[in-house]
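Asks: Chain by chain, the residues:
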Amino acid sequence: DTAVSQTPKYLVTQMGNDKSIKCEQNLGHDTMYWYKQDSKKFLKIMFSYNNKELIINETVPNRFSPKSPDKAHLNLHINSLELGDSAVYFCASSQDLRNSPLHFGNGTRLTVT
Amino acid sequence: KQEVTQIPAALSVPEGENLVLNCSFTDSAIYNLQWFRQDPGKGLTSLLLIQSSQREQTSGRLNASLDKSSGRSTLYIAASQPGDSATYLCAVPSGGSYIPTFGRGTSLIVHP
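Chains as they are written, first to last, in the numbering used here: chain A, 1 to 113; chain B, 114 to 225.
Hints in this document: simulated from the structure, not taken from any laboratory.
Check the hints yourself; a few may be wrong.
Unchecked claim - Taking lysine-lysine pairs in the DSSO-like style, the calculated list, with each CA pair at most 30 Å apart, reads:
no. : chain 1 : residue 1 : chain 2 : residue 2
1   : A       : 44        : A       : 71
2   : A       : 67        : B       : 181
3   : A       : 9         : A       : 44
4   : B       : 114       : A       : 36
5   : B       : 155       : A       : 19
What you are looking at is a predicted structure, and each value in this text was computed from that prediction instead of being measured.
This is chain B alone, in the form it adopts within the complex:
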């Protein structure tokens, strides 16, 4: 059974800092890995999806990397802004399944 761990659980930084959020998973036989953000009282918004054959994906100030062999992914946020404040979750399918299993998220606060 896939287990997904995200570190740190919470992070508070001043505006402008570059950030790294970590995600680790126990079963490396995965099809993809997804990163989401969740704003309070809202649903999840898909940020990036990395297929198992890829090493990284970029979207604007976000860059996600994937190392299947070590069971790790990182989400890099460049030049953080207060609007980046949210909970960031990674999701990885369970071994042999396509259905994403979620980590518990990293709660990010970027203060002006």
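For reference, chain A alone in the conformation it holds in the complex:
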């Protein structure tokens, strides 16, 4: 069983559309994250949730909205997609917030045309 799973793996869409990426973890972890990896492979934190509560929201446009219906899920909804949103988006989870290793999904490659 995949520990952290993201869907879809690839997402190609046009500018202006709205899309969602889903993430589920079956590890029983309390904390989940969304990271964005740009074309130069640099990983930047976008959001983090602990026990379904938002604890960090970096300088991300408000077109990006995370939603955590329960501790096992953290979905990412993106409105009015722009060319610059093209990247690989990674979901991750950890047992807790402080001293637990992160477990990553395999990423969603988003291409905006």
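With chain A held as given, fit chain B onto it using these hints.
Replies: Same frame as chain A, but now just chain B:
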């Protein structure tokens, strides 16, 4: 704000060599430091996590050390193999935060 730097950016070595990858960070008030590997087209795999009270951690052929006062960590890979080829990233929480900030990674190629 935490800044994480990894040197070298790329490394190509013959099989069997012992390797040292470096990671430095600007804010030493950290809770832990993590090392990951990323294979092409894949997510990151956690290799080692060193808590701030620890000096080093070992897993198989990997050994990671942490010197908080100087803001440095090294990942030592013994007897490198072609299967070690990947990008290695270190991640350190920003000052006052638990959320890991990543370096840009070291791209490693081990050729037979």
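Asks: Take the hints in turn and mark each one as holding or not.
Replies: Consistency of the hints with the structure:
Distance restraint check for residue 44 (chain A) and residue 71 (chain A): the Cα-Cα separation of roughly 22 Å lies within the 30 Å cut-off, and the hinted pair is therefore satisfied. For the hint pairing residue 67 (chain A) with residue 181 (chain B), the CA-to-CA distance comes to about 36 Å; that exceeds 30 Å, so the pair is violated. The hinted pair formed by residue 9 (chain A) and residue 44 (chain A) meets the criterion: a straight-line CA distance of about 19 Å does not exceed 30 Å. Taking the CA atoms of residue 114 (chain B) and residue 36 (chain A), the gap is near 18 Å; set against the 30 Å cutoff, the hint holds.
Restraint check for residue 155 (chain B) and residue 19 (chain A): the C-alpha separation of about 22 Å stays at or below 30 Å, so the hint holds.
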